[in-house]
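A.B. asks: Here are the chains, one letter per residue:
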Amino acid sequence: MADSKDVPLVLGIETSCDETGVGIVAGTTLLADAIASSVDEHARFGGVVPEVASRAHLEAMVPTIERALKEAGVSARDLDGIAVTAGPGLAGALLVGVSAAKAYAYALGKPLYGVNHLASHICVDQLEHGPLPEPTMALLVSGGHSSLLLSSDITSDVRPMGATIDDAAGEAFDKIARVLNLGFPGGPVIDRYAKEGDPRAIAFPRGLTGPRDPAYDFSFSGLKTSVARWIEAKRAAGEEVPVRDVAASFQEAVVDVLTRKAVRACKDEGVDHLMIGGGVAANTRLRALAQERCEAAGIRLRVPRPKLCTDNGAMVAALGAEMVARNRAPSDWELSADSSLPVTDPHVPGHGHSHGHSHSHDHVHEVSKGNLYT
Amino acid sequence: MLLLALDTATPAVTVALHDGTAVVAASSQVDARRHGELLLPAVDRVLAEAGTGLDAVTGVVVGIGPGPYTGLRVGLMTADTFGLALGVPVHGVCTLDGLAYAAEVDEGPFVVATDARRKEVYWARYSDSRTRVTEPSVDRPADIADQVAGLPAVGAGALLYPETFPEARGPEHVSAAALAALAAERLAAGVELPVPRPLYLRRPDAQVPKNYKVVTPK
Ligand SMILES: [Zn+2]
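Chains as they are written, first to last, in my numbering: chain A, 24 to 397; chain B, 864 to 1081.
Take these hints with a grain of salt, some might be off.
[To be verified] Ranges between beta-carbon positions, derived for each pair:
{"#": "1", "chain 1": "B", "residue 1": "1051", "chain 2": "A", "residue 2": "96", "range": "53 to 61 Å"}
{"#": "2", "chain 1": "B", "residue 1": "864", "chain 2": "A", "residue 2": "132", "range": "20 to 28 Å"}
{"#": "3", "chain 1": "A", "residue 1": "132", "chain 2": "B", "residue 2": "1033", "range": "34 to 42 Å"}
None of these hints come from the bench; they were simulated from the model.
These figures come from a predicted structure and were not determined experimentally.
We put the CB at the ideal spot given by N, CA and C, even for glycine.
Excised from the complex, chain B in its bound form:
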């Protein structure tokens, strides 16, 4: 087994190779504005570091968010297309699950929160590092204060809003290494991973920019 994992749902552009037992090579760069430019070179670097090529990969693992859409799509489109070209399965993993796994919290409950911008966070509750107990959602920190009160919190979203998350800690962003390890563990246990479809959690802004193609109702 050789899994290629990637995630672009947080400011990190992160790639890892996992052979079923351990992470073979990994790369993480934090640059929220350059996911599109950084991802492919990172894949190339990680494969070179492991001394292998993409055709040796037996499965692709991708973070499905939630995350800011433009960046999120870079990872999903890349994973989808790798799957098509290589004829290997593409597995989706919730990005928040990857963060929870990396946080290595044995005794729950705790919260994972990432930055959703617009003064909101993407978040979910966990009973331990491998077990999410709520669906991921997007909210203003103040609106969920009651639901997360007294709980430790992991991720950049928690660190950004100390009033709601006084017990915030790292890691800030997801790592593909954690995502790959979690996926490998679940696949080994016979758990079926979801198809890689994005978790947007918000409806698109219905904003039509000026001077673009005009489309009127029929």
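Chain A extracted, bound-state conformation:
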């Protein structure tokens, strides 16, 4: 690690889904976190339309870079490197960010670091709580992914412990909110109603928690169906749906499984730190239950503020700065976007450089390939 006067100043670009994010960090200090989102353009389609997202990234990129530089009060000339999400994510959307990062790094004469979106979600916590403990267990939960990852060095070693085999946790929140007519996005509104409800009112199923089920994988599809059926049965019987109790009981089922499995993974692996990231990390019950269970198990919990949990450029810059600090090989000018970049590749080093670990590109994925995104 460089000394405090010489921490790497890195600009990070994130375009894996619908947020155009540009962040600037100095080592583990956040200087700027500029975001442009195309979320409203996708709303009428019911999901992120890749071509709409890609078009929006192209329009937003230059103004967002300018905004980040202004916010950070630094000159592009002073940067020590440019980092960019190389994958996983939407191929066309990623390519816009990668093209911008390559051109920017080349024009400024700075090294380029193509990095992994999931490793960035973990590394962002350095901006909030200082250097990551090694090893760190990370629970990433959002509208696009639900994964349990173990990292002994965020620049070179990220090991998938488990992942969702069907829906992402955030997806389940959105769908249940829709069934309850609570609007979008589902996470915050369910959280709000749940506070006034009884989490033990209805016993909704805990997916993949049987003795023979995989210890660290998740499943939320069965829960989703079960909650929807319960609501429909009430409606069919002409009874009022107890929205607060349903929200509380559903939410409890999700966060119970997430925290139970995360804590178990920490214990099994002898890890005394748990990091939680992704948009669902904003959920107050998830934070509270994780805190409670971690305390009981002697595990220290680290959860960044909500704005750093959702997709942003600062997380990419944070991982880029770590790559610079640890002398990882920069990427080549041939760097391409890889929509299915394996979680085990924290970055995409250039050919002809030596680097700390093997990165055979065998595309060994998490259990659920479809949920690697966002």
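Fit chain B with the ligand to the given chain A structure using the hints.
C.D. replies: For chain B with the ligand alone, coordinates are given in the frame of chain A:
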């Protein structure tokens, strides 16, 4: 004057340097699937061949399409970002105009057509190599047969559909050298070139892939 020109709106990844009088160095590779990988190394090669660096460039010229979107954006995003980093102007040139210019047709009228995939072509009519007389559009060849009947046609889109374009000829793809020469000529004549915004000509497919972030109407 030193113009860096690039175009990724056709299967060609093409880069050229132009000093205001002539093309200094150029590179063209045809690989429709690897625009993102090939463009930056090509820029680096062209600059090295000319014995100069990017900071000597006084303006960027980029093909704004029409062209298949994913590849088209690589060139536009690269040009935009060069402009930001270098503080130089970025000029847009219609990719079909570059092809028309390279075709060196003195006596018109003629047609330029590129492959728009999905059995369609991007096309426009020209009265000579420097003068486009219709807005670029995207159509099925059979639907424009009447409008292009009897006219010579240039470009891969024309070569693909001989029934509509019996008098088709090359060049197949645009070259940045032609794009740069055309831009240099127009700039010298005091013509203002358009801002580099993509010519998509089609609305995005509203297809939401499975397992991506769910967004529902408010
Ligand atoms: Zn994400």
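A.B. asks: So, for every hint listed, does it hold in this structure?
C.D. replies: Comparing the hints with the structure gives:
1. B:1051 <-> A:96: 53 to 61 Å: Violated, since residue 1051 of chain B and residue 96 of chain A (Cβ atoms, about 40 Å apart) do not stay within the stated range.
2. B:864 <-> A:132: 20 to 28 Å: 23 Å, holds
3. A:132 <-> B:1033: 34 to 42 Å: 38 Å, holds
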